[in-house]
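There are 2 protein chains.
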Amino acid sequence: MEIKRNYLLFLGDAPDQLAAKTAQGIAQWRPEWCVGQLRLPNCNADLGLPDVTLEAGREAGAKTLILGVANRGGVINAEWQALLIRAIDLGYDLASGLHNKLTDLPDVVAAAEAHGAQLADVRHPTEDYPVANGVKRTGKRLLTVGTDCSVGKMYTTLALHREMVARGMKATFRATGQTGIFIAGAGLSVDAVVADFIAGAIEVLTPNNDADHWDLVEGQGSLFHASYAGVTIGLIHGAQPDALVLCTEPGRAHMRGLPSYQLPDLKTCLDRNLEAARLTNPAVRAVGVAMNTKSLSPEAAADAKKAAEDLLGLPAVDPLKDGVGPIVDRLW
Amino acid sequence: MEIKRNYLLFLGDAPDQLAAKTAQGIAQWRPEWCVGQLRLPNCNADLGLPDVTLEAGREAGAKTLILGVANRGGVINAEWQALLIRAIDLGYDLASGLHNKLTDLPDVVAAAEAHGAQLADVRHPTEDYPVANGVKRTGKRLLTVGTDCSVGKMYTTLALHREMVARGMKATFRATGQTGIFIAGAGLSVDAVVADFIAGAIEVLTPNNDADHWDLVEGQGSLFHASYAGVTIGLIHGAQPDALVLCTEPGRAHMRGLPSYQLPDLKTCLDRNLEAARLTNPAVRAVGVAMNTKSLSPEAAADAKKAAEDLLGLPAVDPLKDGVGPIVDRLW
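Respectively, the protein sequence lines represent chains A and B.
Residue numbers for the first sequence follow my numbering, beginning at 1 and rising by one.
Residue numbers for the second sequence follow my numbering, beginning at 1 and rising by one.
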């Protein structure tokens with residue numbers, strides 16, 4: 001699934017900034033692709049981009065209207081539908097990160113067919129993926145893994161990509177979730193793939209490549225998350241990673257969404273991820289720790305990074321505050 | 001998904017016995033539910049059941065026509081469709097283990113709607129499952145895990161169920177694959193569930209129960225299978241097993257479908273399964289090894305079982321040849 005650029009970001013009637021989280025990720029990582037934001041009168045989110053009409057967006061070069069927002073009540077209402085159809089009439093493709101599908105809206109589908117517009121529901125894979133074959137591929141792969149969900153795996157992967165590109169290394173960001181897909185312009189939502197094909201889908205996403213090329217694969221979930229470990233291990237096996245970066249956020253009281261589950265310690269967590277990864281790539285090694293220290297004081301953050309470095313013998317950085325240079329230094 | 005009993009087993013034009021593997025499993029484990037088999041003239045499979053017409057099947061009490069056969073070329077042809085519609089006219093429900101869906105055949109769907117017949121495509125879950133919550137449930141659960149796919153996990157689970165029922169223990173067989181679903185009359189194909197909901201689906205399949213009741217959960221895949229480990233770990237986490245039985249088949253040259261992958265040793269395999277299971281049930285313990293020794297001489301089989309017992313400190317049995325008494329003896 002390829003999303004045409006540039007983008008106009010539709011924020012709808014987002015009740016708060018959090019509801020526009022996906023659009024915010026796009027604006028943060030790909031500002032050069034975003035011609036502006038389109039907000040309805042009662043929208044409470046703001047990405048700091050120019051407010052642009054559908055018409056002005058087209059004139060500014062936008063080819064895709066991105067629905068990067070959570071909609072109220074899980075329903076795409078009549079007002080939104082009228083706007084989407086007008087966008088199609090003006091020549092836009094539509095790409096949505098909503099649970100509800102654009103392709104379930106008959107009037108929108110009819111308009112898209114009439115204009116040859118693409119409707120991309122990026123949470124819902126449409127391709128049929130193969131069963132993984134486990135055959136070793138050419139090129140190198142780095143995967144971010146985590147102690148928990150939402151600890152910064154996408155952010156870390158993008159920061160690594162930016163640093164490697166700046167150093168002139170060959171690298172591609174491989175997106176496995178909705179926000180990442182908009183940022184990459186392609187990818188697949190691995191958590192929506194049918195269980196038998198998780199690893200196979202990731203093999204397709206990260207194909208043979210040049211010997212000195214790195215695929216930087218966005219991780220998902222955690223081996224220690226009682227809801228999502230199936231996604232995580234399939235992702236590990238399919239990616240055949242040469243390098244792992246362990247992502248964590250100190251200070252969480254429990255695993256996300258699971259009040260009775262504690263977070264794993266970093267050593268156990270890294271060991272299990274390496275164990276799992278060795279099945280399809282016995283040469284895998286850990287290259288660093290990415291720590292989201294937003295909830296810590298500067299002193300506590302320094303202590304936490306130092307403790308992780310001493311425990312694991314790896315560089316530990318907060319990608320947002322420190323950059324990821326020490327991790328990229330260890331790649332080959 | 002509940003399948004009404006009794007069954008008439010449709011073998012179609014199965015080219016050989018292997019193509020009728022699903023029907024054979026039903027006939028083997030639930031002969032009392034099978035009023036007979038229905039074969040087309042060029043069918044080369046035979047379950048040893050009486051050959052019965054659709055009409056005679058109904059008179060004998062059949063309520064569901066089971067398509068327990070692989071169809072040639074992956075297409076349900078016109079001849080089959082005519083027969084299926086005639087079955088619906090006679091009052092049958094249809095239940096299919098095919099990849100192709102009955103619900104994709106408009107004429108069959110129309111007939112089913114007209115007669116109020118159920119169409120069950122057991123490979124394709126229709127229910128929406130929740131994300132797993134990881135909350136401990138009442139009752140006890142045993143899960144079969146394996147070194148590889150197709151090493152006898154379903155067979156072992158059914159043998160345990162039979163033995164426990166014979167001893168007057170409270171036990172339910174919980175099916176996670178198509179053949180198991182027909183044998184249980186209910187269940188879900190876990191490998192066809194969307195990745196995010198693997199563990200959640202298994203939580204639904206094995207709900208709260210009496211304190212002295214055992215759910216016997218049919219395992220799938222292997223943590224050491226590069227294609228399917230996502231299914232396996234989600235199943236482990238969702239089942240929250242109190243007891244694991246390790247299933248294996250000595251003598252395999254490589255993992256099923258993966259020529260470059262060796263089988264794990266029994267100790268490593270069991271340790272990893274216990275590690276994974278401890279996440280949602282820290283009290284999990286291994287209770288036995290089920291070994292399919294069909295490819296071994298009696299001496300070699302005895303040696304292999306003895307070696308496994310010495311290595312793991314658990315009873316090792318071939319369920320088909322020895323029964324599973326020594327494993328059930330260890331349950332509580």
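Don't take every hint at face value.
To be verified - Here are the computed distance ranges between Cβ atoms for each label pair:
hint, chain 1, residue 1, chain 2, residue 2, range
1, B, 130, A, 128, 22 to 32 angstroms
2, A, 321, B, 260, 41 to 51 angstroms
3, B, 99, A, 15, 50 to 60 angstroms
4, B, 15, A, 127, 27 to 37 angstroms
5, B, 307, A, 311, 37 to 47 angstroms
6, B, 320, A, 133, 28 to 38 angstroms
7, B, 90, A, 15, 33 to 43 angstroms
Hints listed in this document are in silico derivations from the structure and should not be mistaken for laboratory results.
Here a beta-carbon is modelled for each residue, glycine too, at the ideal position from N, C-alpha and C.
These are the hints, each one checked on the structure:
no., hint, verdict
1, B:130 x A:128: 22 to 32 angstroms, "holds, 26 angstroms"
2, A:321 x B:260: 41 to 51 angstroms, "holds, 43 angstroms"
3, B:99 x A:15: 50 to 60 angstroms, "violated, 43 angstroms"
4, B:15 x A:127: 27 to 37 angstroms, "holds, 31 angstroms"
5, B:307 x A:311: 37 to 47 angstroms, "holds, 38 angstroms"
6, B:320 x A:133: 28 to 38 angstroms, "holds, 31 angstroms"
7, B:90 x A:15: 33 to 43 angstroms, "violated, 56 angstroms"
Of the numbered hints listed earlier, those contradicted by the structure are 3, 7.
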